[in-house]
Structure formats: structure tokens, C-alpha cells
Amino acid sequence: MIELFSRKTAQRTRIAIVYWLQNAALVIALLVFAARGLH
Amino acid sequence: MNPILLCALYLATVMLPLALSWMSAKPPRPFWDELASGAGMLAFAIILTEFVLSGRFRTVSRKIGMDITMRFHQLLARTALVLAVLHPFLYQSPFNRVQPWDTTRQFAITSDFTNLATGIAAWILLGAFVLLSIGRDRIHYTYETWRLAHGLGALLIAALLLHHTLEAGRYSQDPALAAVWIILFAIALFTLIWVYAIKPSSQRGEPWTVQSVERQGLKTWQVTLSPDGHKGLDYEAGQFAWLNTNDTPFTLNEHPFSISSAPASGPNLEFIIKELGDHTAKTGQIKPGTRAFVDGPHGHLVITDRNEPGIGLIAGGVGIAPLIGIMRQLKLEEDTCPQILLYGNRSAEQIACNTELEDFAQAENRDVIHVLSEPPEKWTGETGIMDADCIARVFNKPDMKQWVYVLCGPAPMMETAEDTLISLGVPANQILSERFQYD
Numbered sequence: 001m002i003e004l005f006s007r008k009t010a011q012r013t014r015i016a017i018v019y020w021l022q023n024a025a026l027v028i029a030l031l032v033f034a035a036r037g038l039h
Numbered sequence: 001m002n003p004i005l006l007c008a009l010y011l012a013t014v015m016l017p018l019a020l021s022w023m024s025a026k027p028p029r030p031f032w033d034e035l036a037s038g039a040g041m042l043a044f045a046i047i048l049t050e051f052v053l054s055g056r057f058r059t060v061s062r063k064i065g066m067d068i069t070m071r072f073h074q075l076l077a078r079t080a081l082v083l084a085v086l087h088p089f090l091y092q093s094p095f096n097r098v099q100p101w102d103t104t105r106q107f108a109i110t111s112d113f114t115n116l117a118t119g120i121a122a123w124i125l126l127g128a129f130v131l132l133s134i135g136r137d138r139i140h141y142t143y144e145t146w147r148l149a150h151g152l153g154a155l156l157i158a159a160l161l162l163h164h165t166l167e168a169g170r171y172s173q174d175p176a177l178a179a180v181w182i183i184l185f186a187i188a189l190f191t192l193i194w195v196y197a198i199k200p201s202s203q204r205g206e207p208w209t210v211q212s213v214e215r216q217g218l219k220t221w222q223v224t225l226s227p228d229g230h231k232g233l234d235y236e237a238g239q240f241a242w243l244n245t246n247d248t249p250f251t252l253n254e255h256p257f258s259i260s261s262a263p264a265s266g267p268n269l270e271f272i273i274k275e276l277g278d279h280t281a282k283t284g285q286i287k288p289g290t291r292a293f294v295d296g297p298h299g300h301l302v303i304t305d306r307n308e309p310g311i312g313l314i315a316g317g318v319g320i321a322p323l324i325g326i327m328r329q330l331k332l333e334e335d336t337c338p339q340i341l342l343y344g345n346r347s348a349e350q351i352a353c354n355t356e357l358e359d360f361a362q363a364e365n366r367d368v369i370h371v372l373s374e375p376p377e378k379w380t381g382e383t384g385i386m387d388a389d390c391i392a393r394v395f396n397k398p399d400m401k402q403w404v405y406v407l408c409g410p411a412p413m414m415e416t417a418e419d420t421l422i423s424l425g426v427p428a429n430q431i432l433s434e435r436f437q438y439d
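Here the protein sequences line up with chains A and B, keeping their order.
To convert, note that position 5 of the first sequence is 5 in my numbering; the numbers rise steadily by one, no gaps.
To convert, note that position 287 of the second sequence is 287 in my numbering; the numbers rise steadily by one, no gaps.
What the hints contain is simulated information worked out from the structure, not anything from laboratory work.
We treat Cβ as the ideally placed atom computed from N, Cα and C, and that holds for glycine.
Any given hint could turn out to be false.
Unchecked claim - Capping the alpha-carbon separation at 27 Å, the derived lysine-lysine pairs in DSSO-like fashion look like this: (1) Lys231(B) <-> Lys287(B); (2) Lys331(B) <-> Lys231(B); (3) Lys8(A) <-> Lys231(B); (4) Lys8(A) <-> Lys219(B); (5) Lys199(B) <-> Lys282(B); (6) Lys282(B) <-> Lys219(B); (7) Lys8(A) <-> Lys63(B).
To be verified - Partner residues aside, some chain A positions facing chain B, computed with beta carbon under 8 Å: (8) Arg7; (9) Lys8; (10) Gln11; (11) Arg12; (12) Tyr19; (13) Gln22; (14) Asn23; (15) Leu26; (16) Ile28; (17) Ala29; (18) Leu30; (19) Phe33; (20) Ala34; (21) Arg36; (22) Gly37; (23) Leu38.
Build the full structure now, drawing on both the sequences and the hints.
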């Protein structure tokens, strides 16, 4: 899949995908951190 | 550095304060309070790492390109802004004076004005700062004003946030997290010192002299520099450098230009610069003998280690500059692999290095195809804009899928070229490009 990603995807799309993956990772980390207060 | 490793390192850095807060002995507060604190910490960590992304560090930019590094700098600023804007509004606990018995600040958000004031000031400044940066091209301030305002503004915001975080932040009362914030701030400060003091200091010992400024097309100049008392720059064809033609390296008046000379041609450096109505408008007035300073090389538009059987070069306007450098280098190396240059301009007068390109096209296995959107009478070459059809007509042979392609020009042209080449079956990792505009 990574091979396909690097061979078939234009640079601006690769940048957008990596950016939104990073954002998703940050949001997940934030929610997990905040969820400690639910208990 | 490997791009995946770089992404992982980035995420680890910006999440480090969150992780340390998690590990602290403080009991968690209600969900929304923790979300607010977490958003604030992430925003501040992103803001501090923004300095590193724009710090011209070759370790960061060599593998993935300075243009992509800068694009992430721009995009992540938006993420930081969203998190920072949400931060104060997510708190549910009351803003009260923290009671002496509430040693872990669990039951109130501080209402101390001094501690909050720096956060509020940074909050307002950050919003204005990011919006002014996004709209940079629409606000016609000079490049020097922009650099000064951006650098000092970012430093002011970071300093305000450091005070706010250390004084008002619940988790930052922990010495380990406080130390992390101070270290991250020190790194951010160091990147400014690196760009504006350390690098210019090192350039002072390696000055250059302008040898000539020659017209190479309509409003297009070739500026040649020679090293003054040093061996020159160790660069690869296709790279770029920040050029400064002032008497001192300590100036904001330096600009990135592609190097158009070939490393194999000797220590002199050549830049092809087009007058675009900004700082480049006076390029033709630079006098031979002028002192110059060069910060470089930067960029990843290089084919040195590539072994594809052919090279497709696609340039628009002054985007020819790095490609000329690559072509000159290949010529000096007597490289015999097929090379085709597809070169778009508005008019014939705008074609840079026309005579040199005609010579280039005479050689075996080499071709130059011009595309003009406003062709003169009796023009027999390609006309119109360099669209998908035009690119496909030139590079549609089956064996050309194996070639490496180098693109440089206006963003729409590069996007069209990249999409077209991929649709023709060229793997994206055989398409090299570098942009100087990202939005």
C-alpha cells in the first residue's frame, strides 16, 4: 500500500494525506488524554 | 533524515508535553478541562516546532525538500491556531483564585490576571499573525518587512505563551514539564539566532563578488558570482541558495534563487533571475564588483544519484533556472542518456538562454520543445499553455515511463505536469519538483 501511495499519488495529495494523518494522531492523543477525566 | 522518521519525531516532540502531563501524579479533572489544557499544550508545542521547520536546516529539508518542509510549516500553523482558539472556551471549571488547599489546581482554573494576560495577548496575536501570514501575498508589504514581522512576531507570541504556560498551566507546575517547555523555547530561539546571526557570521568569511550580469531574455538576467578568497560552494546541479547582494551578510534582504551553473564548470556560481516586479526588479542594475553572500546549497531537485534511462525536463518561465543547471552539468559530464526539455513561456522574447538551448538541441538524443502562449507570426512550434495534451504529446512513448522527470515553474503548471505524467504511467517517485509558492 505504501508502494502504491508513493507511485500513484501526486505530491500535493501525499502532503495532504500526511498532514491529515498527523492531525488525526494529534486529535486521538488529545481525546485519550482528556478521557482520563471521565472516570 | 528519512521522511517517516521525521514525521514520527515531529509527533513525538509535539506530544511530549501531553505525555509528561499524563505521567504526572496529578489527578485528572473533568473531560472538558483536560481537553482544554491538552489543546493548549499541543498548540504551544506545535508553535515552538514551527521555528525548526522554517530554520533552513538541511537535515530536515534535504530528504523531503525545503518546499515541503515549508508547506508543513504553513499547514501546521493552521492546526495550532484551531487548537489555540478552542483552548480557553473548552474549560468548564470556574476561573477562580486557586485556593491554598488545592495544591494540584484540580478545582479551579486560575484567574490571576498577570498569568492570563500573557495568554490572552498571545491568543489575539496568534490569530492575527496566522491570518496575516496566509494573506501575505494580498498584503503588499516588502519581503524584508514580512521577514522581520514574522520572526519578531513569532518570537513575541512564543515568549508570551511560555510565561502563560509556566505560570497558569496546571501541569507545567511539574518541574520536568516546565523544563521541557523551556528547552523547546530555547531551541526555537536558537533557530532564529541560527538564521539571523550564526549563518551570516559564517558567510562573512566566505564572500562572493559579482562578475557579470548578462541579459538572457526579456527581463531575465544571469548573475555570475566568483568566490572571494575561498573555494566556493559544494553544491549539486538543480539546487538553490539564498542570495544577498548587500555589503553585509547581516541583512533581511536575501532571497532564494535556483543555481543555474553546473558544479563541474568550476567555482563560479550563476543564477538566472527574472524581474517580477518585486525585489528582483533591480537585478539588471547590479554592478560587477558588488559584494555578495550566499547561503546554501539547499533543495532536493537533484538527479545525481538517479539511474533512470532518460530525463524529461519541464519548465515554465524562470523555472528554467535549475533545469539549465542540470543540463549544463550533464553536458559537461558527457552524459549520453536521452534528454528532452519542454519549456513554456508567454512570448519568444521571454525564452532564457535561447542560443544555448539551440546548441543543446543539436546534440544527439537531446531535444528542446518550446511552448508559447503568445507565439509570433510564422511560429511552427507548440502553442497555447502547457496543458495535459501538450505534455502527453511529448512524453507518451512507452520507454519514457522509465525516465526521471524534473519540474520547475508556476504551481498550476507543475500540478498539471505531475498529474499528466502519473496518468501516463510514470511513478510519482520518478517525478522531482520544487516550489517556491505553496498556497
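Tested hints:
{"no.": "1", "hint": "Lys231(B) <-> Lys287(B)", "verdict": "holds (23 Å)"}
{"no.": "2", "hint": "Lys331(B) <-> Lys231(B)", "verdict": "holds (23 Å)"}
{"no.": "3", "hint": "Lys8(A) <-> Lys231(B)", "verdict": "violated (42 Å)"}
{"no.": "4", "hint": "Lys8(A) <-> Lys219(B)", "verdict": "violated (38 Å)"}
{"no.": "5", "hint": "Lys199(B) <-> Lys282(B)", "verdict": "holds (25 Å)"}
{"no.": "6", "hint": "Lys282(B) <-> Lys219(B)", "verdict": "holds (10 Å)"}
{"no.": "7", "hint": "Lys8(A) <-> Lys63(B)", "verdict": "holds (20 Å)"}
{"no.": "8", "hint": "Arg7", "verdict": "holds (4 Å)"}
{"no.": "9", "hint": "Lys8", "verdict": "holds (6 Å)"}
{"no.": "10", "hint": "Gln11", "verdict": "holds (6 Å)"}
{"no.": "11", "hint": "Arg12", "verdict": "holds (7 Å)"}
{"no.": "12", "hint": "Tyr19", "verdict": "holds (5 Å)"}
{"no.": "13", "hint": "Gln22", "verdict": "holds (6 Å)"}
{"no.": "14", "hint": "Asn23", "verdict": "holds (6 Å)"}
{"no.": "15", "hint": "Leu26", "verdict": "holds (6 Å)"}
{"no.": "16", "hint": "Ile28", "verdict": "violated (10 Å)"}
{"no.": "17", "hint": "Ala29", "verdict": "holds (5 Å)"}
{"no.": "18", "hint": "Leu30", "verdict": "holds (5 Å)"}
{"no.": "19", "hint": "Phe33", "verdict": "holds (5 Å)"}
{"no.": "20", "hint": "Ala34", "verdict": "holds (4 Å)"}
{"no.": "21", "hint": "Arg36", "verdict": "holds (4 Å)"}
{"no.": "22", "hint": "Gly37", "verdict": "holds (4 Å)"}
{"no.": "23", "hint": "Leu38", "verdict": "holds (5 Å)"}
Hint violations for this structure: numbers 3, 4 and 16, all remaining hints satisfied.
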